[in-house]
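There are 2 protein chains.
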Amino acid sequence: MLQQLAGRCGPWLVGDGPESDIVVSTRIRLARNLAQFPFVRRCSPQDRAAIEKTIRDRFQNVEQLRQLIYIDVDELSDVDRQFLMERQLISRELAEGTGQRGVAIDPDERFSVMVNEEDHLRIQVMASGLNPQVAWEQINAIDDLIGQQVVYAFHRRLGYLTACPTNVGTGMRVSIMIHLPAMVMTEEIQRVFRSFQKMGLAVRGLYGEGTQPRGDFYQISNQITLGRSEKELIDQVVEVARVCIQWERRAREALLRSNDKSVQDAISRAYAILQTTHTISSEETMELLSRVRMGVSLGLIEDVPITVLNKLFIHTQPAHLQKIRGIRLDTSDRNVERASYLKEHLAKQR
Amino acid sequence: MLQQLAGRCGPWLVGDGPESDIVVSTRIRLARNLAQFPFVRRCSPQDRAAIEKTIRDRFQNVEQLRQLIYIDVDELSDVDRQFLMERQLISRELAEGTGQRGVAIDPDERFSVMVNEEDHLRIQVMASGLNPQVAWEQINAIDDLIGQQVVYAFHRRLGYLTACPTNVGTGMRVSIMIHLPAMVMTEEIQRVFRSFQKMGLAVRGLYGEGTQPRGDFYQISNQITLGRSEKELIDQVVEVARVCIQWERRAREALLRSNDKSVQDAISRAYAILQTTHTISSEETMELLSRVRMGVSLGLIEDVPITVLNKLFIHTQPAHLQKIRGIRLDTSDRNVERASYLKEHLAKQR
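So the protein lines, in turn, are chains A and B. Position one of the first sequence corresponds to residue 1 (the working numbering), numbered consecutively onward. Position one of the second sequence corresponds to residue 351 (the working numbering), numbered consecutively onward.
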């Protein structure tokens, strides 16, 4: 199953959604718990096994849930766990945790349901570009289907009950993954992000909580889930994302208009290095792909589609590279393999 | 005259001499003074003018010296002075000095005679590759021709008298310009150079005394001129250069043999950047050209001849770039112009 996933990519990465030149994806996740069990961190191993069994059994009752591929994360190798995380199908917490836990994956990778993460259930939906409407309709439908099969822990006044108080209420987090290379170049980004934090929005790196921004990718998401409707929460994040998009576009135009050749230079060097390198780290690859991605958006590079770049961001990461090549590789061998993978895929475009 | 020189290059840069993959050039210079005048630093302006006049007049008596092009360095613009220095036709001291001074240049750029540098006359000959024999025969012949026209300051026991005691005796310095990128990469170079200094040899940068090594080019030359014959002095420097060549070849082979891709990577990145950059400093250009030059020697790059690279080292320097383009350019415009010049000349090779 994982081997099959390795070579291709989820539809949210294709880059055909709205504002895809700047917004990579819209992700919504819902935290849910089964009323009959204690929260995960208080569970005995037996409880965790029983939760998993309950969910897997109930999923069999519903056509759309029956077709999900269930993966026992506890049984996976480290590489496979990292692979699922790189692919955004599981969280870092689930990958690095211990004990009975798993994930049910939609074969088309439109959504996944984590089991025994911080909450019993973490349902998540991914959509390409800035697409909150589609993501919300999908996740709402999945939530209803599951809710008909199990009894959720729900409080009439508070809403959904969750292991961490910050998720109580809607249990929802909406995250927009946005690519802001020009704002990084013009150094506007720090100021902007400080103002977001005052508005109760979180800005995080590519893999969510506790990760550093890499390749100029940021996730903007709501911190608060209580006291507002799902629609209000989504609207606020989307509105801020729209402001970011506008700022980023303005920063890109300013960089282009300025007579300074350093932007074109950074972009064309990045592209040249990716096409010719013999050994390259994952960090540098992200950085250079980010510049090339901006070059494509600015019309400075015309021979490589955004889809190819989006895929390369994921496929050149350590676990993906090993799954694709079908062998375990140490860091230095990965760097060589990564260079040859980049060459193959970027040379094809010429 | 300078404008004509700008686009082409001296024969010593063509790279057809012995060991040209590692040795760029062999230079010999002789310090000479006219017995009838005080040393330059004790000269009045009238003395300096009289020295220049004497030399120019006497040169008219000899066929081979009559055809030299005499340039009044004091009258040149800063750019033109820097241009002659970049081209190795005058020393930094002559370029940056004051007062009446000049240089007589062979139209083929095989030799030049500086007037009123530290000594009244500094005769220098350049040859491609490791070619001490040819350089010595040439400079010896020129020295004889001039010596028949003027009376040199000469002491029966000490030899030629010079302004600085370190030049007394033969007044000769032989300098071999050598390209040692592999020894820099393997970090052997510092150890080697320390041992040279113990042997009374100087190691300097591209523009001689007081300049830093750039682009992995070094000049090896004798420190002592007294108490040994010209032949002995030349032989010692050449012997050391041969040892250096051997070490550099061994270092290159070791780098190639090692399974480490970082050498190929450094070389192919350098070549890719030079072909695609939109703005680049003179320092970075030297560094990258140096890697490409090694790549050609190692057979890793096949589509650009050493001659082209040797020329680019000189032609991309600040004053050359301005002479070639025929306009004054500030640093940032030069960086853009340098990038486009590199692109023109490296793309042609493909």
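There may be inaccurate statements among the hints.
Claimed, not checked - With the C-beta cut set under 8 angstroms, the calculated list includes, among others, these residues of chain B facing chain A:
1. Ser608
2. Ser612
3. Thr626
4. Thr627
As the list claims (entries may be wrong) - What follows is a list of derived Cβ distance ranges for each label pair:
5. Gln197/A / Gly676/B: 29 to 37 angstroms
6. Asn490/B / Asn259/A: 38 to 46 angstroms
7. Leu606/B / Arg92/A: 54 to 62 angstroms
I should point out that these hints are in silico values taken from the structure, not numbers from a laboratory. Glycine included, C-beta positions come from ideal geometry on N, C-alpha and C.
Verification of the hints:
no. : hint                                    : in the structure
1   : Ser608                                  : 12 angstroms, violated
2   : Ser612                                  : 6 angstroms, holds
3   : Thr626                                  : 4 angstroms, holds
4   : Thr627                                  : 6 angstroms, holds
5   : Gln197/A / Gly676/B: 29 to 37 angstroms : 55 angstroms, violated
6   : Asn490/B / Asn259/A: 38 to 46 angstroms : 55 angstroms, violated
7   : Leu606/B / Arg92/A: 54 to 62 angstroms  : 42 angstroms, violated
The structure does not agree with the numbered hints 1, 5, 6 and 7 stated previously, though it agrees with the rest.
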